[in-house]
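Start from chain A and add chains B, C, D, E and F according to the hints.
Chains as they are written, first to last, in full-length UniProt numbering: chain A, 1 to 134; chain B, 1 to 134; chain C, 1 to 134; chain D, 1 to 134; chain E, 1 to 134; chain F, 1 to 134.
FYI, nobody ran anything at the bench for these hints, they're computed from the structure.
One or more of the hints may lead you astray.
All copies of an identical chain are treated as equivalent in the list; a pair is satisfied when it fits inside any one copy or across any two copies.
Below 20 Å or equal to it, Euclidean Cα-Cα: the simulated SDA-like pairs (lysine to any residue) are [said to hold, decoys possible]:
#1 K97 x E131
#2 K56 x I25
#3 K97 x V134
#4 K133 x D23
#5 K56 x D46
#6 K133 x P67
#7 K56 x P127
#8 K133 x I6
#9 K97 x D66
#10 K97 x L68
#11 K5 x S31
#12 K5 x D46
#13 K133 x G63
#14 K97 x A14
#15 K5 x V34
#16 K133 x V55
#17 K97 x G13
#18 K133 x D24
#19 K56 x P45
#20 K97 x V4
#21 K133 x E10
#22 K5 x S105
#23 K5 x E84
#24 K133 x R95
6 protein chains.
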Amino acid sequence: MATVKIWTDEEAGADPRVQAVFDDIRATRGSDFVNNVWRALANQPDVLEATWAQVKAVMARPGALDPLVKEMLYMAVSIANGCEYCVHSHTASARAKGMSDEMYSELLAVVGLASQTNALVTALQVPVDPEFKV
Amino acid sequence: MATVKIWTDEEAGADPRVQAVFDDIRATRGSDFVNNVWRALANQPDVLEATWAQVKAVMARPGALDPLVKEMLYMAVSIANGCEYCVHSHTASARAKGMSDEMYSELLAVVGLASQTNALVTALQVPVDPEFKV
Amino acid sequence: MATVKIWTDEEAGADPRVQAVFDDIRATRGSDFVNNVWRALANQPDVLEATWAQVKAVMARPGALDPLVKEMLYMAVSIANGCEYCVHSHTASARAKGMSDEMYSELLAVVGLASQTNALVTALQVPVDPEFKV
Amino acid sequence: MATVKIWTDEEAGADPRVQAVFDDIRATRGSDFVNNVWRALANQPDVLEATWAQVKAVMARPGALDPLVKEMLYMAVSIANGCEYCVHSHTASARAKGMSDEMYSELLAVVGLASQTNALVTALQVPVDPEFKV
Amino acid sequence: MATVKIWTDEEAGADPRVQAVFDDIRATRGSDFVNNVWRALANQPDVLEATWAQVKAVMARPGALDPLVKEMLYMAVSIANGCEYCVHSHTASARAKGMSDEMYSELLAVVGLASQTNALVTALQVPVDPEFKV
Amino acid sequence: MATVKIWTDEEAGADPRVQAVFDDIRATRGSDFVNNVWRALANQPDVLEATWAQVKAVMARPGALDPLVKEMLYMAVSIANGCEYCVHSHTASARAKGMSDEMYSELLAVVGLASQTNALVTALQVPVDPEFKV
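Here chain A stands alone, though its shape is the one from the complex (with noise of 0.2 Å):
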């Protein structure tokens, strides 16, 4: 359950700053699927644009980075972060972009591997190399 109404297609009908950017989302997605985490923010409508705004020019934009690898990166965070929704809606993108199995498989690899290293570093505080250093 959220903290917050899930607003229905029906009431962001009735809030035009709401209605636009989930038309927007709509339109740059093409795909008429609006996902729970809009239906959230709709009850902030500033928090709404923005995020809206910085998820497009972020993800949508094209870059030096393929889709699929930001992602892919989206999802190493959410799991970083223990973020349950995120971990299910960037993972169903992924999937989407192109993600394989073997390729789902070796992000889990890095991802548990990255844990378990940053642990055991933090654990032994090492000193940072003068190598890495700009």
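Just chains B, C, D, E and F now, kept in the frame of chain A:
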């Protein structure tokens, strides 16, 4: 400062298990540089051997993900976990593997955005959409 | 599901130490409602007593910070730590103490922004400015 | 040490996008001081502009929450996320905005308590009370 | 719900690599019960094999730490990392290995206290005492 | 550098509340050494007194868990939370209480493994087995 001794090459040379791992790190990476995390783990030969075996298997073995993508995933997890040493070492590795300034900039944007939306989703306790179910 | 039994009022009534804490919670809050965290902690009377004493001292004692501000700080930490129950209970408490929709929206914006810049700063390992030194 | 170059005023002056952000930071804050996070972000003008725009919108715009309350929420998140630089910079900002020693002491007490009860609740996996449902 | 299929015994039986791991889990633990984490990892045989090999080596091999102490350390990390499944599975394992109610109560007190003082120390950015240097 | 003043013995001597806590720390531990966390908390006498009272009650009182086991649990949480000072102080305390190199090595192996499997379980969103229910 570390919680353990950082082993010099001379000290490593006096311990066959440690020397064997250092030799394999050098051979695998094609470089004489052995960074501090291995010199710290040298105090615990069991952990040193197991960790290096896992790093070698996960990071050095060819697979479905590009080595640079794996390194950027490692960076993303290390940032999310707040591991200073790991951020430095994996940022340096990613650069050595070809991460351009533009790629780095986009990685930062994705990691920052993911951290922000992870927090918003956790705050709102957004329910997982049925569409994301396997 | 919990890892421990959630105590009913009847079970609490059979244990004087637990009953005393439940009585004090009700008297301090002016409400008959005892939420589940206390019913779970009832299995460990030492931890129950120590935790309630600390909550009472920190949250219920008048001081320099407004009770609503304290509750919003509690929310912010609970979100950052990803504690589902805590997010729910402290969001409900903050609303009960007067958090308006606009205040909630601004809290979300600050928490989201802080999470993002925390990640960026960690990624860049920004050195502390001398001006911030005490 | 940072993973990127910390830009001097002279270097910023040679890049119009960076200079424009630094100018706006100075004008918005009414101070000549530009702290290191902006000098580090200067390497990524896209991230610099987007981050400053968001900080300005969230932190400098009048709203329902007092500026000091926003700064203390920022502190709370930064502490929970373990971001050294952020803890320093936002503690300094909160003091500059009027955080008294007594307020600081109470903030520490709330943040410490929240961290403790977050851990206990996670350990016990306390189920959310139906009373907290929206 | 998981992001992957949870394998039944019948499905595992059709994949020799998965079946071999399930067989070894049962033989090592002296129990027919194979818990869900292994049934989820079965989708990635490489990760399944590597993870089980590591769990077996670390948790099932006799050493200097009592098996119950190792299990309680696992609980402590899982609580701190906010991993719901892990908290449940390792609390159950610790109980099966002899964790009494009193020991559980003391573990909770230590984990709660550590979380609190970790936060305070991070807030205050306490410098490491020279006496703690190796 | 700390966000607050680190009190000297002379400064502590001028404040009866602080001096009383420092005296009790020395008497309880049988050592003249008062480490920096207490010298930082001295700025907030309320937090200083409450924190020391809790540390004394949880860590110094005999119970079902061995003092060394409690110290190692404290280490595990501090590592997972990434608290540099806490890792140093509790590693030093555990050594002083008898943690051998072999025990330390095994602790590191457990903490590393737990961090890895926590991440994998979170990535896969493994459902809790009914067998783990209380």
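Verification of the supplied hints:
In this homomeric assembly, K97 and E131 come within 20 Å of each other (Cα to Cα) only across copies, at 16 Å, whereas the closest approach inside a single copy is 37 Å. Taking the shortest Cα distances, K56 and I25 sit within 20 Å of each other inside one copy (8 Å), while across copies they are farther apart (25 Å). For the homomeric pair K97 and V134, the shortest alpha-carbon distance between copies (16 Å) is at most 20 Å, but the shortest distance inside one copy (35 Å) is not. Taking CA atoms no more than 20 Å apart as the test, K133 paired with D23 passes in neither setting, with 47 Å inside one copy and 24 Å between copies.
Taking the closest pair of Cα atoms, K56 and D46 come within 20 Å of each other both inside a single copy (16 Å) and across two copies (14 Å). Taking CA atoms no more than 20 Å apart as the test, K133 paired with P67 passes in neither setting, with 30 Å inside one copy and 22 Å between copies. For the homomeric pair K56 and P127, neither the shortest alpha-carbon distance inside one copy (39 Å) nor that between copies (22 Å) is at most 20 Å. Taking the closest pair of Cα atoms, K133 and I6 come within 20 Å of each other only across two copies (12 Å); inside a single copy the shortest separation is 47 Å, beyond that limit.
In the homo-oligomer, the alpha carbons of K97 and D66 lie at most 20 Å apart both inside one protomer (10 Å) and across protomers (16 Å), since each shortest distance falls under that limit. Within a single copy, K97 and L68 get their C-alpha atoms as close as 6 Å, and across copies as close as 19 Å, so both meet the 20 Å cut-off. Taking CA atoms no more than 20 Å apart as the test, K5 paired with S31 passes in neither setting, with 23 Å inside one copy and 26 Å between copies. Proximity of K5 to D46 under the C-alpha cut-off of 20 Å is restricted to the intra-copy arrangement: shortest distance 16 Å within a copy versus 34 Å between copies.
In this assembly of identical chains, the alpha carbons of K133 and G63 never lie at most 20 Å apart, being 27 Å within a copy and 30 Å across copies at closest. For the identical chains of this complex, K97 and A14 are neighbours neither inside a copy (33 Å) nor across copies (30 Å), given an alpha-carbon limit of 20 Å. Within a single copy, K5 and V34 get their C-alpha atoms as close as 15 Å, which meets the 20 Å cut-off; across copies the closest is 25 Å, which misses it. Within a single copy, K133 and V55 get their C-alpha atoms no closer than 32 Å, and across copies no closer than 23 Å, so neither meets the 20 Å cut-off.
Taking the shortest alpha-carbon separations for K97 and G13, neither the intra-copy value of 29 Å nor the inter-copy value of 32 Å comes in at or below 20 Å. For the identical chains of this complex, K133 and D24 are neighbours neither inside a copy (43 Å) nor across copies (25 Å), given an alpha-carbon limit of 20 Å. Taking CA atoms no more than 20 Å apart as the test, K56 paired with P45 passes in both settings, with 16 Å inside one copy and 18 Å between copies. When the C-alpha separation of K97 and V4 is checked against a cutoff of 20 Å, the pair qualifies only between copies, where the shortest distance is 17 Å, while the shortest distance within a copy is 30 Å.
With identical chains, the CA atoms of K133 and E10 are never at most 20 Å apart, being 55 Å at best within one copy and 22 Å at best between copies. When the C-alpha separation of K5 and S105 is checked against a cutoff of 20 Å, the pair qualifies only between copies, where the shortest distance is 14 Å, while the shortest distance within a copy is 36 Å. Proximity of K5 and E84 under a CA criterion of 20 Å is satisfied in both settings, with 19 Å inside one chain copy and 17 Å between copies. Only between protomers do K133 and R95 lie at most 20 Å apart by alpha-carbon distance; the minimum there is 12 Å, versus 37 Å within a single protomer.
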